[in-house]
Amino acid sequence: MINLPSALLAAGEAATMPSVGYGALIALVVFIFASLWIGALANRKTREGSFMTGFFLGNRGLGAWALALTATVQSGGTFMGFPSLVYTHGWIVALWIGGYIVVPITGFGILGKRLAQLSRRTEAITVPDLFRTRFGSPALGLVASLFILLYLSFMMFAQFKAGAIVMKTAWPGSGVLSVNEDQKPFALSGNSLSALKEDRVPDAVIEKLAPLVGHGFSTERDLNTQLKTLLTADELVESKDRIVKRSKQLDRLYLYGLAIFSLTVVAYTLMGGFLAAVWTDMFQSVLMFFGVMVLLFASLYQAGGLDNATRTALKNTGPGYVYGPGYDDRFEGPKAAPNAKTAPRMAYDAEVPRQFLPLSLALSFFCVWVWSGVGSPASLVRLMASQNTHVIRRSIYLLSVYNLGIYLPLIVICICGRALIPELPGQTDEIVPRMALLATKDWPGGSLIAGMILAAPFGAVMSTVSSYLVVLSSGLVRDIYQRFIRPQAAPGELRKAAYISMIFVGAVAVVVNISPVAYLQAFIVFSATGSAATFLIPAIMACYWRRATVAGALAGMIGGASTVLSLYLLGILEKTPEQRIGQLTSFRPYYLCEVDPFVWGVLVSSLCSIGMSLLTSPPDEALVSKMFDKEATS
Amino acid sequence: MRDNTDPVVRTGRREALIVVGIWLTAGMWSVTTSYRLGYNRPVEELKLIWGFPEWTFWGVAVPWVVCVIISWIFGVLFVHDADLGEELPEEADELGLGG
Chain A
68 MINLPSALLA AGEAATMPSV GYGALIALVV FIFASLWIGA LANRKTREGS FMTGFFLGNR
128 GLGAWALALT ATVQSGGTFM GFPSLVYTHG WIVALWIGGY IVVPITGFGI LGKRLAQLSR
188 RTEAITVPDL FRTRFGSPAL GLVASLFILL YLSFMMFAQF KAGAIVMKTA WPGSGVLSVN
248 EDQKPFALSG NSLSALKEDR VPDAVIEKLA PLVGHGFSTE RDLNTQLKTL LTADELVESK
308 DRIVKRSKQL DRLYLYGLAI FSLTVVAYTL MGGFLAAVWT DMFQSVLMFF GVMVLLFASL
368 YQAGGLDNAT RTALKNTGPG YVYGPGYDDR FEGPKAAPNA KTAPRMAYDA EVPRQFLPLS
428 LALSFFCVWV WSGVGSPASL VRLMASQNTH VIRRSIYLLS VYNLGIYLPL IVICICGRAL
488 IPELPGQTDE IVPRMALLAT KDWPGGSLIA GMILAAPFGA VMSTVSSYLV VLSSGLVRDI
548 YQRFIRPQAA PGELRKAAYI SMIFVGAVAV VVNISPVAYL QAFIVFSATG SAATFLIPAI
608 MACYWRRATV AGALAGMIGG ASTVLSLYLL GILEKTPEQR IGQLTSFRPY YLCEVDPFVW
668 GVLVSSLCSI GMSLLTSPPD EALVSKMFDK EATS
Chain B
14 MRDNTDPVVR TGRREALIVV GIWLTAGMWS VTTSYRLGYN RPVEELKLIW GFPEWTFWGV
74 AVPWVVCVII SWIFGVLFVH DADLGEELPE EADELGLGG
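Residue numbers (the working numbering), protein chains in the order written: chain A, 68 to 701; chain B, 14 to 112.
Derived from the structure by calculation, the hints contain no laboratory data. As the structure is a computational prediction, the values presented were derived from the model and not from experiment. Just so you know, even glycine gets a beta-carbon here, dropped at the ideal spot from N, CA and C. A hint or two may mislead.
[As the list claims (entries may be wrong)] Chain A regions said to be covered by chain B (calculated; three or more residues, Cβ under 8 angstroms):
1) 93–107
2) 363–377
3) 542–552
4) 692–698
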């Protein structure tokens with residue numbers, strides 16, 4: 068036959084790789100039933116106390132394991148985005164994630180104890196609740212809840228899509244192994260090229276499509292424009308429909324996936340509330356720990372030790388793979404030049420290498436991981452729900468052992484991955500599932516283990532969604548309905564309101580995702596850092612600074628949020644020259660002075676809140692005393 | 014008047030400052046070590062320690078293990094237990110799953 072480009076060869080290899088078959092599907096079904104069962108168990112626990120604290124805060128009874136394994140930022144990204152980064156850029160990602168070495172101490176040690184106390188003194192159930200009572204200002208509470216509703220809606224709606232796509236990919240024969248959270252409605256993968264071959268699209272056309280592999284398109288028109296530049300008019304007429312059909316990411320299977328995913332998540336969260344979210348999260352974290360351990364030893368064995376793996380990976384790539392600021396395969400790699408001209412949108416200037424992690428970003432990420440963990444509303448709620456200080460202390464070292472056991476091994480696994488699978492064009496997100504298949508192929512029951520690892524992103528997405536559902540519904544019921552619409556509502560009415568709000572949020576998420584908005588992903592990226600930049604400084608002030616005022620907290624929230632938002636908008640709308648640093652994504656923020664927006668957000672937020680607090684008159688001494696002094700005096 | 018401050022506020026504030034100190038130390042160590050040993054170096058000089066590039070070993074892996082030990086010491090010995098106020102559940106279940 069003719070010479071096929073390397074992308075196609077890799078696709079051919081993929082076809083001969085051991086297949087998952089029903090392993091992933093079985094694992095998914097097990098996951099779904101386990102979650103429903105956990106939801107039912109949690110339901111029984113929830114009924115013990117008052118409905119509101121029971122359903123939304125688990126009666127403030129979180130123990131050390133539950134707190135440690137669920138309070139940190141773990142989502143589908145841990146098993147998809149992160150491994151893909153290691154595979155792509157090499158050892159430098161170890162420094163990128165370096166902040167995690169102190170995340171357990173900072174996450175629980177900075178606000179933990181005091182926030183747990185404050186939430187009891189204010190009898191707060193939600194984060195806005197806490198701000199409202201701590202500062203004695205309903206307006207502040209309202210602003211806080213509006214921010215949370217906004218951020219979480221964006222983050223959650225996009226997670227539904229990820230969940231639906233994972234369900235779809237688990238279907239035997241779908242040919243895809245994992246899902247990019249960044250997925251666009253139209254994209255060609257190596258697998259769709261081989262599918263096109265089966266559709267009898269001429270090889271000459273397929274060969275011309277190779278440069279498109281791995282690029283997503285938001286609309287059919289974008290894809291068509293790109294096709295026009297690559298194919299002749301005749302070829303276009305003949306094969307266009309088939310190409311478009313094969314690059315469609317959202318078809319009927321996607322809709323089934325969406326339906327099953329949404330029903331499951333809403334059902335178990337509805338039954339068990341906060342505890343159901345926490346328990347499924349924990350269940351999934353524990354499973355993952357064992358999955359990663361098994362995979363670690365299997366991949367080291369396959370690669371002949373880490374020393375060997377690093378050297379082979381280095382040989383497969385270039386010097387950037389073992390040194391900072393990271394490997395850039397479009398610059399150093401074998402396909403560097405030919406792709407440069409045809410690659411769409413993410414135009415590539417072959418003259419300058421992309422610096423994945425320049426010194427400024429290395430420093431930035433040491434702040435980002437640590438402080439976004441401290442300030443994100445979801446972690447604040449977990450701290451508010453913790454049982455006592457003993458639990459917080461134990462969580463510190465439980466989590467530090469857990470993190471060491473997850474992240475460092477994942478890095479090692481992906482380095483072995485680069486040694487064993489030299490290239491995965493456009494499919495680097497699949498590195499962990501592929502390693503799972505490769506490493507377990509000779510084992511009895513290997514496909515089930517592989518299936519479990521494949522199902523991990525699904526579990527992660529599910530537990531993320533359910534904890535967002537709880538926070539969103541508590542925001543609607545507690546901060547809006549009970550506070551502003553019907554303060555005199557009876558418990559039975561609140562229960563009904565909570566159920567209705569969850570079903571409502573779930574329904575909106577499904578409707579939004581039937582044809583997902585193109586820019587949703589940009590908002591997730593922004594929401595994740597934005598929410599932490601909004602709440603970090605106000606939360607610290609609320610805990611430790613007597614002189615903090617309402618205006619100060621308000622200024623801090625707005626200052627942090629607007630700084631991050633504008634830096635992201637500048638990047639997304641491409642108002643600034645492209646900076647060749649950081650991750651290669653379609654949504655990049657503007658790195659002012661090459662520093663991450665989060666750092667600027669926190670800086671502006673602290674200036675605003677401290678300045679504004681000092682400018683306004685001191686807060687009411689009686690209120691401050693109630694929050695800060697020994698209780699006997701009040 | 015200040016003497017009346019709740020002990021949780023005082024110990025909490027002190028612990029928070031120490032944690033910030035740990036964060037700064039870890040960050041400075043990790044980034045400077047990695048930068049010194051791992052940026053702009055010729056590939057011929059690559060040294061591996063247990064399969065890790067030298068800079069990853071000293072800049073990330075070792076401090077990570079050290080931080081786990083510090084977390085343990087900090088969690089076990091340093092953080093003061095305190096009464097968080099009412100609303101505590103009467104009994105804790107064994108697994109500590111809450112509820």
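Do the hints match the structure? See the list:
no.: 1; hint: 93–107; result: violated (count 0)
no.: 2; hint: 363–377; result: holds (count 6)
no.: 3; hint: 542–552; result: violated (count 0)
no.: 4; hint: 692–698; result: holds (count 5)
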